[in-house]
Amino acid sequence: MSDINVAQYLLVGKDSRRTALSFLQSTVSYGDLTAQAGRIAAYLLRCHARPGDRVLLVSDNSFFWVACYLGTLQAGLITVLIPANSSASDLASVLRMSGAGIVCAQASVVATYGSAFSGTHLLTDRASPPAPRVLSQVNCSTLSSTQPPVTDYAPVNHDQLAAVVFTSGSTGQPRGVMITHSNIIANTESIVSYLSLNQQDRMMAVLPFHYCYGASLLHTHLRVGGEVVVDNRFMYPETVLQRMKDLQCTGFAGTPSHFQILLRGSSLKRKRFPSLRHVQQAGGHLAPIFVRELMETLPDTRIYIMYGQTEATARLSYLAPEMLEAKLGSIGKGAPGVTLRVLDEQGRDVRPGEVGEIVAEGANVAKGYWHEPKESETVFRNGLLYTGDLARIDEDGFIYIVDRTKDFLKCRGEKISCRQIEEAVVECGELVEAAVVGIPDDVLGEAVKVFAVPRNKHVDGLEERIASYCRTRLPLHQLPKQIVVLRSLPKNIAGKVMKSILKRHNTAPPLSNIHDHI
Amino acid sequence: MLQTIRKFVIDNYLFGEEGKLGDEDSFMETGIIDSTGILELVRFLETTYGIKVTDEELIPDNLDSVSKIASFILMKQSVSSQTAQEHSFRSSGEPRP
Numbered sequence: 001m002s003d004i005n006v007a008q009y010l011l012v013g014k015d016s017r018r019t020a021l022s023f024l025q026s027t028v029s030y031g032d033l034t035a036q037a038g039r040i041a042a043y044l045l046r047c048h049a050r051p052g053d054r055v056l057l058v059s060d061n062s063f064f065w066v067a068c069y070l071g072t073l074q075a076g077l078i079t080v081l082i083p084a085n086s087s088a089s090d091l092a093s094v095l096r097m098s099g100a101g102i103v104c105a106q107a108s109v110v111a112t113y114g115s116a117f118s119g120t121h122l123l124t125d126r127a128s129p130p131a132p133r134v135l136s137q138v139n140c141s142t143l144s145s146t147q148p149p150v151t152d153y154a155p156v157n158h159d160q161l162a163a164v165v166f167t168s169g170s171t172g173q174p175r176g177v178m179i180t181h182s183n184i185i186a187n188t189e190s191i192v193s194y195l196s197l198n199q200q201d202r203m204m205a206v207l208p209f210h211y212c213y214g215a216s217l218l219h220t221h222l223r224v225g226g227e228v229v230v231d232n233r234f235m236y237p238e239t240v241l242q243r244m245k246d247l248q249c250t251g252f253a254g255t256p257s258h259f260q261i262l263l264r265g266s267s268l269k270r271k272r273f274p275s276l277r278h279v280q281q282a283g284g285h286l287a288p289i290f291v292r293e294l295m296e297t298l299p300d301t302r303i304y305i306m307y308g309q310t311e312a313t314a315r316l317s318y319l320a321p322e323m324l325e326a327k328l329g330s331i332g333k334g335a336p337g338v339t340l341r342v343l344d345e346q347g348r349d350v351r352p353g354e355v356g357e358i359v360a361e362g363a364n365v366a367k368g369y370w371h372e373p374k375e376s377e378t379v380f381r382n383g384l385l386y387t388g389d390l391a392r393i394d395e396d397g398f399i400y401i402v403d404r405t406k407d408f409l410k411c412r413g414e415k416i417s418c419r420q421i422e423e424a425v426v427e428c429g430e431l432v433e434a435a436v437v438g439i440p441d442d443v444l445g446e447a448v449k450v451f452a453v454p455r456n457k458h459v460d461g462l463e464e465r466i467a468s469y470c471r472t473r474l475p476l477h478q479l480p481k482q483i484v485v486l487r488s489l490p491k492n493i494a495g496k497v498m499k500s501i502l503k504r505h506n507t508a509p510p511l512s513n514i515h516d517h518i
Numbered sequence: 519m520l521q522t523i524r525k526f527v528i529d530n531y532l533f534g535e536e537g538k539l540g541d542e543d544s545f546m547e548t549g550i551i552d553s554t555g556i557l558e559l560v561r562f563l564e565t566t567y568g569i570k571v572t573d574e575e576l577i578p579d580n581l582d583s584v585s586k587i588a589s590f591i592l593m594k595q596s597v598s599s600q601t602a603q604e605h606s607f608r609s610s611g612e613p614r615p
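These protein sequence lines map, in sequence, to chains A and B.
Under the working numbering, the first residue of the first sequence carries the number 1, and numbering increases by one thereafter.
Under the working numbering, the first residue of the second sequence carries the number 519, and numbering increases by one thereafter.
Bound conformation, chain B alone (with noise of 0.2 Å):
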């Protein structure tokens, strides 16, 4: 996942110099992603990860890095499948564990 995005990073907004990213650089203090670069970012996010990031969510503890960004999907997958465990539970009568 950490190479997908970082590929993605790398590829959309350093023209694919490589050496320029480190996992934990901040996008912010870099300058590699502007305002409207970010809602790309997170368009490219959604359609590979099966995500949906709201409003909210687009915030730099979310968003800021390549690592950032590792973590928050994880956590958003782990949510969404927990979420459609419970619905999968409930639609089957089962009692929840």
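Looking at chain A on its own, in the form it has when it is part of the complex (with noise of 0.2 Å):
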């Protein structure tokens, strides 16, 4: 297990002049961020935090989350990561939750919700009105006049905390996972050799970096010298795609949705990309269908197909571009220095075809929840991640999910995966996605509910267009008793899909903006 902090895992031992950020109107080199973390970290010491205090950061990706981030481990303090569209209630309840004594935010953040941060010491991307009752309260822009940088680092041991990640956990509450600067160091070292990562990539970042698949491609990249593109306008994937040609990036890292947006609204299909080296999704499961697609649309670029949890760092899978048409379907097998078993109930290792759960083991698994010890040891047993995953294990050893566990319904007892019928309706063609909930039915237990996402506004009739292709592919009793058409899914930031706000919709409302903002 490494005791190095992670800063200066990332951070020592630059070439100062190289470009580390790129942002829309700027770029940020190495020399600079080093300094600009240092300035942070000074400032942090000086509001009298002691190693172990927690720093609240609330921002969009930019060059002052990046510094907070950075400066926060720096000075050995543990980073509290939120979404910077928190509510109001999300952001005083992860405050209570954590302790955190200082908060780094941006100006918006702190217009909006100034009045959550009394009692705190509050650092500002730029200029911001006061916030009321706050301890203090500084615009880090001016901190480069006023504020020496720190040049060490403080120092670590192997299971001393980095960062509590709130997880946007599909189902179930908002927990925090609790990652050590050894959990960071072991992940990075992982995904940069089987991604085989060097100071020459450039990673065109769209993720949000509070997000731990997001932090991934941060830590992936300033490990190895080269650079985070990051832009914050996916909601117009054109701006992101002709940036990624004129910046010749190298890497492209999404989630299903993205991939789902980038395929069905996007010019994608027509550019060439010649720069791009590999594109990297995680996040969830894209249908085969979509990936079929994308290798279609991007034959010259290695496909990554990667499995993680908040819980394990980030990455606990891949599975290598060669064997994804061999293996289509499939998360691979374990990441470098992890290893993924799938277990029966008994804690056995099921046979080829059996399902089971994932369970993982490797100096990524993180060290717990958040003041949650019940719910710690339920997940977090003898070191090993009991992820919730329920998968099947082929005779070579790579891992299909079936499901999340709780994502079934149970149909005349039997229980049925609702992803199984959800890659069946999307591949009638007319829907961008589509997404299943068991409805409460007499006859059968519980029945089938589609939610579908048209790709075009050609709606007239879909819902029956979209039953008789189910009668086509389905058995009798896992036809859609119900079907909405939707204009988009409810997802939570991670994109993933939130079956819960699904499960109690009953009418048709304007679903497109809801936001489980943790």
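Read the hints as simulated data drawn from the structure, not as lab findings.
Even for Gly, the Cβ is constructed at its ideal location relative to N, Cα and C.
Fair warning: there could be bad hints in the mix.
[Claimed, not checked] Residues from chain B shown here face chain A by an in silico Cβ test under 8 Å; the list is partial:
| hint | residue |
| --- | --- |
| 1 | Met546 |
| 2 | Gly555 |
| 3 | Asp573 |
| 4 | Glu574 |
Both chains come to you apart, so use the hints to assemble them.
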């Protein structure tokens, strides 16, 4: 196990003139990033923060976010990560749960929710109106003139916390996952090795850094001295694609939703990306029909299908691009340094074809949930992570996720995977995506309800066309009893469909902008 | 037109809270609309104004505020009426103006 400070691991030994981060209007060199992180560390120590104190970071992807993150780690403090668009109540509860005494927040968050920060020291990314009852308030852009940077890195031991990351679970309550410095380093080493990243790599980052997948892009590319291109405009995919071309990005990473939008609502198929060496897909299951389209669209790009959890820092497995065709639908095998097993209820390895729970072991497995010993004991047992994901394994050891433990419906007493039905429905060709939930049914126990998002505006009679397509694909008891056409599915910040919201859905109000903010 | 667009955005993305949206406010900066939301907005514009928005036109310059959308639609409508006019001149054999 490593006992190096993550900030040191990522920043020391770099060519200070090389570009670390590219923003729309500016670039930041490794030298500038190191200096700014050092200034933030100095500021935090000036607030009398002591090792182990928590610092809440709430901002969109920006130089401010990265400098605050690294500065917090450099000072030996624990960064608490939540989305910038968190609601006032989420902010308040995370502040309360984490006990953070210092908050780094972008000005727009302060303008909206300033009163949530009373009693804390507040650092903002730019000038911001005074927040009520804070202990102090400092504009980060003034630090450069007033604050000599700290240049050393706080010593850490192997299980010292670096971050508490609040997860965006698609079921249940949000929880803070405790990630150590050595967790991050172990996972970064693993990802760098299987992606063969080097300092020529330039990653287009549209994923938020507070999300473990987004953070992994930052960690891996900074580690190898590469460049992270930050673009928060994915709502206009054309602008992102054009920038990828202009800057000759070598990598792109997205969740299923990103790839579905790129394949069905952008010029991706008509553009050429000669510099694009690899793309990464994680954060949920991308239906095989989309993976095939992606392979056809980017024939010269290595496509990595990956699987992970915040509870494992980020990454647990990957499917090597050369196996993509042969093992379509698989999440591959354990990433370097990670052992993945599929166990039955008695804790024995399942035989090929049988379904069991994925259990992980590795130096990237998190320390537990923040202040939730009972839940931690259930999920983290004897150094193993019980993922809650059900899977089968084939004769060659490749793992196929069957479903989230809770993403089943019980129909005629039989457990049916929602994902299986979703995959069948989306293959009707008229949809961008579909989600399935169970509804109470007097005869079946639970029946299938489908929420379908059309790819174009010709929705007249779509329900009937989906129903007839399903009749050609699904057994009788799995046929949808209800089909609802929606303009979009409610998703959390990690892009996962919020089934809990769909289950409460009776009519068809606009669902497009409902987010689980944590 | 401004009012129709504003109403759609307020009803669908701001849960009807009218005071929160100025005509010049950037959807991106305010975080009002996300990536699937913008596709939905485009579908609405296509249906309501009889225009076709290409993938390449899905950029902030055209769509990132109520007023930008209004100018974009006016531009699209004027281009399409010009094309229609040219088409009718050609098919009736009259010289182009």
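May I ask you to test the interface hint for B:Glu574 with respect to chain A, counting a Cβ-Cβ separation under 8 Å as satisfied?
6 Å, holds
Holds or violated: B:Gly555 as interface residue toward chain A, Cβ cutoff 8 Å?
Holds, because the Cβ-Cβ distance from B:Gly555 to chain A comes to roughly 5 Å (cut-off 8 Å).
Are B:Met546 and chain A close enough, Cβ to Cβ, to be under 8 Å, as the hint says?
It holds, given that the least Cβ distance between B:Met546 and chain A is near 6 Å, below 8 Å.
A closest beta-carbon separation below 8 Å is what the hint needs, so does B:Asp573 meet it against chain A?
4 Å, holds
In this structure, every one of the numbered hints holds.
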